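Student: Order-wise, the sequence lines are chains A and B.
Counting from 1, one number per residue, gives the positions in the first sequence under my numbering.
Counting from 1, one number per residue, gives the positions in the second sequence under my numbering.
Hints are supplied without guarantee of correctness; some may be wrong.
[Unchecked claim] Pair by pair, the computed Cβ-Cβ distance ranges are: (1) B:P113 with A:A20: 38 to 46 Å; (2) A:D63 with B:S84: 24 to 32 Å; (3) A:E14 with B:L56: 31 to 39 Å; (4) B:N68 with A:E68: 36 to 44 Å; (5) B:P12 with A:Q59: 29 to 37 Å; (6) B:S52 with A:L84: 39 to 47 Å; (7) B:N41 with A:Q80: 38 to 46 Å; (8) A:K62 with B:Q97: 23 to 31 Å; (9) A:L70 with B:P18: 44 to 52 Å; (10) A:G40 with B:S84: 41 to 49 Å; (11) A:T100 with B:L7: 34 to 42 Å; (12) B:L51 with A:V113: 38 to 46 Å.
[Said to hold, decoys possible] List time: in silico DSSO-like cross-link candidates among lysine-lysine, alpha-carbon distance up to 27 Å: (13) B:K69 with A:K44; (14) B:K112 with A:K62; (15) A:K71 with A:K44.
Hints are computed from structural coordinates only; laboratory data are not their basis.
Computed from a predicted model, the values in this text were never measured in an experiment.
Each residue gets a CB set at the ideal place from its N, CA and C atoms; glycine is no exception.
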Amino acid sequence: EAGVAQSPRYKIIEKRQSVAFWCNPISGHATLYWYQQILGQGPKLLIQFQNNGVVDDSQLPKDRFSAERLKGVDSTLKIQPAKLEDSAVYLCASSLPGNTEAFFGQGTRLTVV
Amino acid sequence: AQSVTQLDSQVPVFEEAPVELRCNYSSSVSVYLFWYVQYPNQGLQLLLKYLSGSTLVKGINGFEAEFNKSQTSFHLRKPSVHISDTAEYFCAVKNNQGGKLIFGQGTELSVKP
């Protein structure tokens with residue numbers, strides 16, 4: 001069974017530029033999460049989807065971050081414009097409906113210079 | 001809302017010694033509890049989970065954890081660690097109503113020869 005796929009693995013951009021990350025969850029997983037993990041900290045939930053609807057986006061900085069999950073499968077997370085403090089690893093995870101564990105991708109490491 | 005506190009940011013230990021990584025949580029409703037491990041430059045991998053039933057749960061790589069409802073704790077233990085156990089460990093909690101998966105700050109386990 002294929003795992004959660006994320007791309008790119010690494011990205012370096014200048015502040016004020018825009019960037020997008022892509023996630024393909026495990027087939028059949030209705031729940032999809034995007035987390036931000038700053039160096040030395042635990043993952044922070046940015047947004048949670050159930051199919052293509054948003055369940056929780058309370059910690060998503062909506063003035064610069066956006067996310068979508070068209071057709072309830074793949075998802076993209078966008079930052080525009082990026083700030084230095086956005087430097088982090090962005091993790092995508094997916095799970096089956098209900099209260100099972102989440103499966104994580106390898107993450108995208110973003111460096112904003 | 002729920003929260004997770006990992007009481008130790010770093011735990012150094014010698015090879016073949018026992019180890020305990022401490023985790024406390026708070027929640028107004030019943031929860032599900034998880035421990036994840038993160039190796040450098042990788043995503044998170046599930047070690048074990050508590051959903052219901054026996055309070056002692058066994059996971060991969062010889063790890064186990066005990067759910068203590070009265071003390072709201074879910075400490076992770078291993079009787080004898082290996083060099084390869086060196087990694088970051090995260091405790092996570094999710095309420096039983098399909099809520100957010102919330103992570104602690106992480107504990108860096110460093111196993112020395």
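Student: I'd like to know which numbered hints this structure contradicts. Please list them from smallest to largest.
Tutor: Violated hints (numbers, rising): 2, 3, 7, 10, 11, 14; every other hint is consistent with the structure.
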